[in-house]
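Chemist: Protein sequence lines, in the order shown, are assigned to chains A and B. Following our numbering, the numbering of the first sequence begins with 23 at its first residue and continues without gaps. Following our numbering, the numbering of the second sequence begins with 7 at its first residue and continues without gaps.
The set of hints was computed from the structure by calculation and includes no laboratory data. Bear in mind the structure is a predicted one, so any value in this text is a computation, not a measurement. The beta-carbon is built from N, C-alpha and C at its ideal position, and this holds for glycine as well.
Derived PhoX-like pairs (lysine-lysine); straight-line CA-CA distance at most 20 angstroms: (1) LYS31/B - LYS111/A; (2) LYS23/B - LYS114/A; (3) LYS106/B - LYS84/B; (4) LYS33/B - LYS111/A; (5) LYS114/A - LYS31/B; (6) LYS238/B - LYS39/B; (7) LYS114/A - LYS153/A; (8) LYS273/A - LYS260/A; (9) LYS121/B - LYS106/B; (10) LYS140/A - LYS157/A; (11) LYS111/A - LYS23/B; (12) LYS219/A - LYS201/A; (13) LYS23/B - LYS33/B; (14) LYS237/A - LYS219/A; (15) LYS307/A - LYS273/A.
Across the chosen pairs, the derived CB separations fall in these ranges: (16) LYS141/A - LEU365/B: 54 to 64 angstroms; (17) ASP104/A - VAL237/B: 33 to 43 angstroms; (18) ASP146/A - PRO15/B: 33 to 43 angstroms; (19) PRO15/B - GLU86/A: 17 to 27 angstroms; (20) LYS141/A - VAL36/B: 37 to 47 angstroms; (21) ASP146/A - PHE321/B: 51 to 61 angstroms; (22) VAL237/B - SER24/A: 42 to 52 angstroms; (23) ALA326/B - LYS114/A: 52 to 62 angstroms; (24) ALA198/A - LEU365/B: 55 to 65 angstroms; (25) TYR373/B - LYS114/A: 31 to 41 angstroms; (26) SER264/B - ASP104/A: 53 to 63 angstroms; (27) ILE247/B - VAL37/A: 55 to 65 angstroms; (28) LEU273/B - ASP104/A: 42 to 52 angstroms.
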Amino acid sequence: MSLTISHLEKHYASVNAVDRLSFEVQRGEIFALLGPNGAGKSSLVKMLVGFTYPDAGEIELIDENQHYSSIPSQLLGYLPEDRGLYPEKTLKQNLQFFALLHGVSNQDFEQRCQHWLKKFSLYDRLNDPLKSLSKGNQQKVQLITAILHEPKWVILDEPFSGLDPINQELVVEFLAELKQQGMTVILSAHQMAMVEKLADRVLLLNKGQSVLYGKLSEIFAQYNNYMIDVSFSQSIDKVQLEELNVTCSIKQLSSTRLTITLTEQQSLNEVLPQLLKLGDITEFKNQSQSLHAIYLQAVAEHNSHALLDQNYEK
Amino acid sequence: MKNKNVSAPQQVWTVAKWEFMHFFKLKQEVISKLIMLLIAAIIYFFAADGTDLNKQYTLATNTEQQLFNQLNPRFTFKSVEDINSVVKSLGHNEFDGALKYEDVANTFTLITYEKEAWQTSLTSNINAALQQQRFNALNLTKQQQDSLTKNINIEHQVLDELLKNQADKGQTYTAFGVLILLFVAMFGVFGQLFVSITGEKQNRVTEQLMATMTPQTWIDGKLAGQILLAVKTMLGTLISIVLSMLFFTVIIKQQPLSLSFVNWSMLPWFIVFAVLGLAICAAFMAAIAAGIDDPNHSSKSALMMLPIAPIAIAFFIMDAPNGLISIVLSYLPITAFAVMPVRMSLVDLPFWQPLLSILLSVGCFYYLRIFAARIFKMGMNMYGKEPSLKAMWLAIFK
Numbered sequence: 023m024s025l026t027i028s029h030l031e032k033h034y035a036s037v038n039a040v041d042r043l044s045f046e047v048q049r050g051e052i053f054a055l056l057g058p059n060g061a062g063k064s065s066l067v068k069m070l071v072g073f074t075y076p077d078a079g080e081i082e083l084i085d086e087n088q089h090y091s092s093i094p095s096q097l098l099g100y101l102p103e104d105r106g107l108y109p110e111k112t113l114k115q116n117l118q119f120f121a122l123l124h125g126v127s128n129q130d131f132e133q134r135c136q137h138w139l140k141k142f143s144l145y146d147r148l149n150d151p152l153k154s155l156s157k158g159n160q161q162k163v164q165l166i167t168a169i170l171h172e173p174k175w176v177i178l179d180e181p182f183s184g185l186d187p188i189n190q191e192l193v194v195e196f197l198a199e200l201k202q203q204g205m206t207v208i209l210s211a212h213q214m215a216m217v218e219k220l221a222d223r224v225l226l227l228n229k230g231q232s233v234l235y236g237k238l239s240e241i242f243a244q245y246n247n248y249m250i251d252v253s254f255s256q257s258i259d260k261v262q263l264e265e266l267n268v269t270c271s272i273k274q275l276s277s278t279r280l281t282i283t284l285t286e287q288q289s290l291n292e293v294l295p296q297l298l299k300l301g302d303i304t305e306f307k308n309q310s311q312s313l314h315a316i317y318l319q320a321v322a323e324h325n326s327h328a329l330l331d332q333n334y335e336k
Numbered sequence: 007m008k009n010k011n012v013s014a015p016q017q018v019w020t021v022a023k024w025e026f027m028h029f030f031k032l033k034q035e036v037i038s039k040l041i042m043l044l045i046a047a048i049i050y051f052f053a054a055d056g057t058d059l060n061k062q063y064t065l066a067t068n069t070e071q072q073l074f075n076q077l078n079p080r081f082t083f084k085s086v087e088d089i090n091s092v093v094k095s096l097g098h099n100e101f102d103g104a105l106k107y108e109d110v111a112n113t114f115t116l117i118t119y120e121k122e123a124w125q126t127s128l129t130s131n132i133n134a135a136l137q138q139q140r141f142n143a144l145n146l147t148k149q150q151q152d153s154l155t156k157n158i159n160i161e162h163q164v165l166d167e168l169l170k171n172q173a174d175k176g177q178t179y180t181a182f183g184v185l186i187l188l189f190v191a192m193f194g195v196f197g198q199l200f201v202s203i204t205g206e207k208q209n210r211v212t213e214q215l216m217a218t219m220t221p222q223t224w225i226d227g228k229l230a231g232q233i234l235l236a237v238k239t240m241l242g243t244l245i246s247i248v249l250s251m252l253f254f255t256v257i258i259k260q261q262p263l264s265l266s267f268v269n270w271s272m273l274p275w276f277i278v279f280a281v282l283g284l285a286i287c288a289a290f291m292a293a294i295a296a297g298i299d300d301p302n303h304s305s306k307s308a309l310m311m312l313p314i315a316p317i318a319i320a321f322f323i324m325d326a327p328n329g330l331i332s333i334v335l336s337y338l339p340i341t342a343f344a345v346m347p348v349r350m351s352l353v354d355l356p357f358w359q360p361l362l363s364i365l366l367s368v369g370c371f372y373y374l375r376i377f378a379a380r381i382f383k384m385g386m387n388m389y390g391k392e393p394s395l396k397a398m399w400l401a402i403f404k
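Same shape as in the complex, but just chain B (with noise of 0.2 angstroms):
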């Protein structure tokens, strides 16, 4: 035999290379990101004609107020007599609206030919000069005026030395925004798992696969080639976030793009969160898919759904950080991924306590991915029959 002597991690790697380009499709990539700069194009093209800052328009109207000299100068009034025959020849005539008032009950109505982006722009603009109209009518100091418009805060101080002030949100948006991108790579892992290992189960590819290498390192690379693919998806939909952030704000909005709400130096504990997080669910869901034979026939389908509970977990625990079940969580391994960033975005907690969390989650990975690996082989030897949930339980601890 010729043959270079292969060790488990290389057909590990091998076996992640190959699941990870199962479910890559570089063509599909490209034309989904083609497809959204389209309707970015398309956006831009729209908002640019809508809100054209060179643009004149000239109104019809039938009074002459003082309030028109406090608009922006891109909006010019011309005063006419009969405002009817002008709102009934608007689309022929060199008006692009007419601005009615009522004098009984003193309204502006404004009417145009077709609905356009600047129209917001001028109805927004006349009611912040009534506004001011009416303020200075009432002879109302600038120090009154402010008080008018100012929202009323309530304000809500907790004595807990432990929690963090919420004036800095940062830490709380960073954590949900890993948990959202997690709970997207997710439901892609979750299908991914349940087609790829179901699907050779059902080609019969696995006789094959079993007499090259062991269950164990089967599974071992498919957890790497999905985890692979979920930080391929958490990346991918973190970068089309940003681009549509940097795209609205710098080019339509042309202001320029402020990311102070990320909180960066609380970042690296929740990717290592999300990883494990990712790992353990990727494997909790091997182990499951491991025992279906038939996916048009099983009941067990739905069990791989359960992964995603604890994120929704997560969202809960926000009203007592601090509570026994939040704490309870933020250990427990299938739910210490979720919980303990939130816990950690809200609660100031001694370093040892995220990193009691990350060991017991590693743990928990380490054996659930062996678990996986008995029920697989416990299921391959019995010849076309579905394990049963006892069997699938007996394997695990045989």
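Next up, chain A with everything else stripped away, as it sits in the complex (with noise of 0.2 angstroms):
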């Protein structure tokens, strides 16, 4: 069972909100959609759920021999991220009504429900209007909607939105029980340090296209390699800086501190005779870098290359 989008192309007027899109979904994972406000990832998911078609490409998902164009509803879990549900009605009622919509058993929900209620210390308001909720209590109670039919893919849009530290990590966690319950989630985020702990790959869109993509241990090791954080005996001399013979960049993080970011073109044994020159280097260490700067590194070169390239078809 997998999820395989191809070439897949989606356009509103003159905007392409995915352009040329192929990545897989593989059973079982944590697959993590990143990108900036408007890079794609709605109408990405929008497709992936079935509410619009793509313009050009291919979604196939093949389970249990079938063969699907969008993950068919049955098997879905999904929290929209233009989310609500009836605030008037108790929480009981809203579950049991999604509930029943999926063909869940009376049995099945009542023990589900509890399970997932207590584990988000909602139990005991079981029957209070969904309206009397905090908001973020009531996007716990979207979340157990979503799964409570203990689909086999899940699709949540930014589940972490609107919710303090305590509930994030408490999302963590769930999302954590999904996936040893052998669910398969999608997942798109702003909260890096919240992806970090749980993806298991990640998609950078940027403009509809893919900027990185992949496991998410390769794509530390592809980035953290080279970036080094270099601190001198002295300070540097700023003439002497700008006069070396170096293509990389060079930050100046303080008087005797810089990190430098090596490229493929000049490799570390080229860079390090010429650091040489600036003084006694104490220290020399390869710079982890978190997912977010990773992010920010990843669309920034994103964006120059298609500035690049606009210009160059100017």
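Reconstruct the complex from the two isolated chains, following the hints.
Modeler: So this is what it looks like as structure tokens:
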């Protein structure tokens, strides 16, 4: 069972919301969709759940020898970005309505409802109207609504938004449990720290295109090899720094400290002798970048490439 | 996944029940019935107080006339010398009232201290007795008296053999009775569908729902729920009317209730048309509501009232039930549910005509619900932008 997306395109007027996108989501993994606002995440999600159709390309889901062109509702648990439930109804009525629509038996409903509401410390509010709950708690009820029928595929659009750090951690635990139960989770989020904790693989989108795609461990390995922190025993002479024969980017963090981002064209072997011209090196370490920093760097690089392409076309 | 597979009809039923229970408030229903009972009790109390058949009334009068002997025996008359002094002390003497006779003008004046129901009965009694007295004075025979009191009726005969004998008004009363009930139910559907569909959009539940079922299933469920609610409203109103009639006829007037004005043989036809009318109008209203994003700022809300127009039209076709316009409107699905029953009550129609009208209405409902679902799906993907009427029209035929 896997979800394969090939050369997917979606256009709105002159905007390429999704542009020749290809990737694969493996069974049982947590797959994170990242990208700035307007990157095309929601457009992609809407095609995955079958709300809209691609203009080109293909979505293929194979489940028990059945082929689908989007994730069918019987296999899907979905938390939309634009979300809400019935505020006048109680938690139980809301949850039961969606459970019934998915064919969950009364016995299973009671059991699962109790399990998840207790997990989120909401069980004693079971018969309270939804509107009496705080916004964060309402969001937790909505999360439970999305997975109460134990779907094989779960798509969560911004599950952390509007939650305090304690509740964000609760959602991390919740997602880990879904994975443990064998569900495949596609997650769209801006909270990189949470994604770092959870995701097996990520896809970073910018302007509808894939900017970064792969296992999180591989992405970290790829990015963190190129950044080095160097400390000197004495202050760095700025004139000397400018005269260095290097093509890589050098950022001065303090009077004695530099961060160097290596390029493929210039290896560490070539840069190191140049650095020694600045003075004695007291510390030399590979700087570990956070996913947040990788995200910013990758998007910035993609934007500058896109600008160059535009200028070239002109 | 341990859940059983859910079919679309099962989901439709789940949505229909949800929709029905959303608007059916048992407590409210019980309270409204209790208020009705309370009103009935109050009416009964006042009616019983005013129409106490055993109570005797004594009146002072300044004349001795034969006609007093012809009045209801519960009214007793006593001649007094000075009627004016009796009038002055009314409320404090033994008399319930005074009947003053003016000799010159030959008129009676009834004077009482308070206004009570028996006084109306007394004046009509005196009027009838006086009229009889005048007939007797003129030496009129019974036949002559009847001829003077009988209303003059002009009978209108139409030679068109298809037109029914208008002496039998039962079919028309039944048809219009069903139409009035339909009208009441339709207002309910209008309000509920509007609140329900736009409310779900405002509460942002729609995407969650659409990940669970198709837009068609959702619209079908909503329509089923609203039709059930409308039928409940019609039945509730009917029961209230029948109970009120029973109350006023049997309890207040102490007469048997006659339902002879109901034409039972035509009733099943009219019920079928009423349910179809509800279905068509609800589907039309759902299609319009599906295109409304913000009910406070949309100009489309007024369009939802359109389906009520055919009921008004039905009242006008009575004058020419076999005219070209009436015939066309009785087949046109958006008006047939109101016009055909009225035509059926006035004209002898062959069996196939109402049947054809029903089939056309069923077809219309089938497509209207599909159009509503298409508009809804299109609106849902417009990210909060309200679709224009043109966009809705294009979505229908996409």
